Amino acid sequence: MSNVTILLLSHVEELARGASRLLSEANAEVEVIAVGGLEDGEIGTSVDCITPMIERIDEQKEILVFYDIGSAKMNAEIVQEMYPDRIIEISDAPLIEAGYVAVITAGLGSNLQEVKEKAEAGYKKGR
Amino acid sequence: MTTEQLHEWMKETYQLIQDNKEELSALDQEVGDGDHGTNMNRGFQAIVEELPNWAGESLATTLQKIGMTLISKVGGASGPLLGTGFMRLSTSFKNEVNWGDGLESASEGIAKRGKAEVGEATLLDVWSAVSKSVREHGLDWNRVADVSRDAMERTKELEAKRGRGALLGERSIGHLDPGAVSSDYLFQALARVMKGADDECRT
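Chains as they are written, first to last, in this note's numbering: chain A, 6 to 132; chain B, 557 to 759.
Hints are computed from structural coordinates only; laboratory data are not their basis.
Incorrect hints may appear among the rest.
Here are the computed lysine-lysine pairs in the BS3-like style, where the Cα-Cα straight-line distance is at most 30 angstroms [to be verified]:
1) A:Lys66 to B:Lys717
2) A:Lys129 to A:Lys66
3) B:Lys671 to B:Lys717
4) A:Lys66 to A:Lys78
5) A:Lys123 to B:Lys668
6) B:Lys751 to A:Lys78
7) B:Lys668 to B:Lys650
8) A:Lys123 to B:Lys650
9) B:Lys650 to A:Lys78
10) A:Lys129 to B:Lys650
Bear in mind the structure is a predicted one, so any value in this text is a computation, not a measurement.
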């Protein structure tokens with residue numbers, strides 16, 4: 006069982022859902038949670054949409070966040086500050102490609118730092 | 557500043573954003589993704605709708621709620637940036653309402669959140685110019701309005717270095733930064749509300 010949960014953050018709901026479907030295919034045992042778009046379905050990211058997902062994730066688990074563009078990262082950082090007791094890391098690597106590597110690595114039982122490093126270093130190999 | 561003035565400030569800002577929503581989005585179409593007007597309108601509409609529920613709250617608490625609403629509702633990069641600015645104002649005003657300290661802390665927060673520096677043609681240019689002016693010349697609301705407008709207009713001459721505008725490189729020169737324009741609305745509205753209050757005191 007992996008101790009790392011992958012959290013995908015996108016500006017668009019369909020993209021988040023699609024990305025999560027693709028990543029879960031790499032290893033269905035690894036928890037992948039995706040958030041996309043605003044509450045009204047518009048394009049964007051919102052802290053309000055992210056925090057319920059953090060609440061859903063087991064407190065023992067470490068969280069690795071991948072995001073799509075610009076402001077998603079700022080919101081991820083705000084969420085990180087809102088949960089100082091949770092272990093949350095944000096990766097700048099591409100959501101799909103690096104996320105895919107992260108799921109595989111997490112599935113092998115690696116810890117958060119290893120998963121992040123492998124994902125960031127190895128995502129080009131999987132193409 | 558009283559909480560009533562803060563409420564007025566938000567209503568005035570919302571009015572300016574509403575009146576110029578298309579203009580803001582048109583500016584954003586030139587250098588960004590074209591949703592700045594809609595985003596800002598959504599955020600400030602939410603604030604104005606919530607204001608009655610915040611009646612009786614302290615100045616610091618209201619500023620904090622404004623910050624959280626912007627972070628939650630705006631949806632674009634301006635949400636977390638402006639939201640952070642208002643959260644910083646809230647923390648600063650908890651002890652004492654000192655605009656020099658408050659605006660400086662807000663500008664620092666915005667710079668940190670956006671990993672931006674002054675002169676990169678962003679809303680930070682406006683916040684920082686106003687903060688500096690209040691520090692150097694004290695609280696003169698006419699000056700605040702002028703300094704804010706100048707800083708906003710200067711973004712036209714600058715090359716965008718942050719956000720999507722940065723991808724345009726030199727081609728971003730000649731375009732106003734939409735975030736700087738909406739932040740200028742904030743300070744024009746603030747100056748108007750606070751000047752009105754000063755006039756009342758004098759008569």
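Status of each hint after checking the structure:
Among the hinted pairs, Lys66 (chain A) with Lys717 (chain B) is inconsistent with the structure: their alpha-carbon atoms are about 37 angstroms apart, more than 30 angstroms. Distance restraint check for Lys129 (chain A) and Lys66 (chain A): the Cα-Cα separation of roughly 27 angstroms lies within the 30 angstroms cut-off, and the hinted pair is therefore satisfied. Proposed proximity of Lys671 (chain B) and Lys717 (chain B) is supported: the alpha carbons are some 11 angstroms apart, at most 30 angstroms. Note on Lys66 (chain A) and Lys78 (chain A): the hinted pairing holds, with a Cα-Cα distance of about 21 angstroms set against a maximum of 30 angstroms.
With a C-alpha separation of about 28 angstroms, the suggested pairing of Lys123 (chain A) with Lys668 (chain B) holds against the 30 angstroms cut-off. Distance check on the hinted pair: Lys751 (chain B) and Lys78 (chain A) sit about 38 angstroms apart at the alpha-carbon level, beyond 30 angstroms; violated. With a C-alpha separation of about 21 angstroms, the suggested pairing of Lys668 (chain B) with Lys650 (chain B) holds against the 30 angstroms cut-off. For the given pair, Lys123 (chain A) sits about 44 angstroms from Lys650 (chain B) by alpha-carbon distance, which is inconsistent with the 30 angstroms threshold.
For the hint pairing Lys650 (chain B) with Lys78 (chain A), the CA-to-CA distance comes to about 29 angstroms; that is within 30 angstroms, so the pair holds. Of the pairs offered as hints, the one joining Lys129 (chain A) and Lys650 (chain B) is violated, with about 49 angstroms between alpha carbons and a cut-off of 30 angstroms exceeded.
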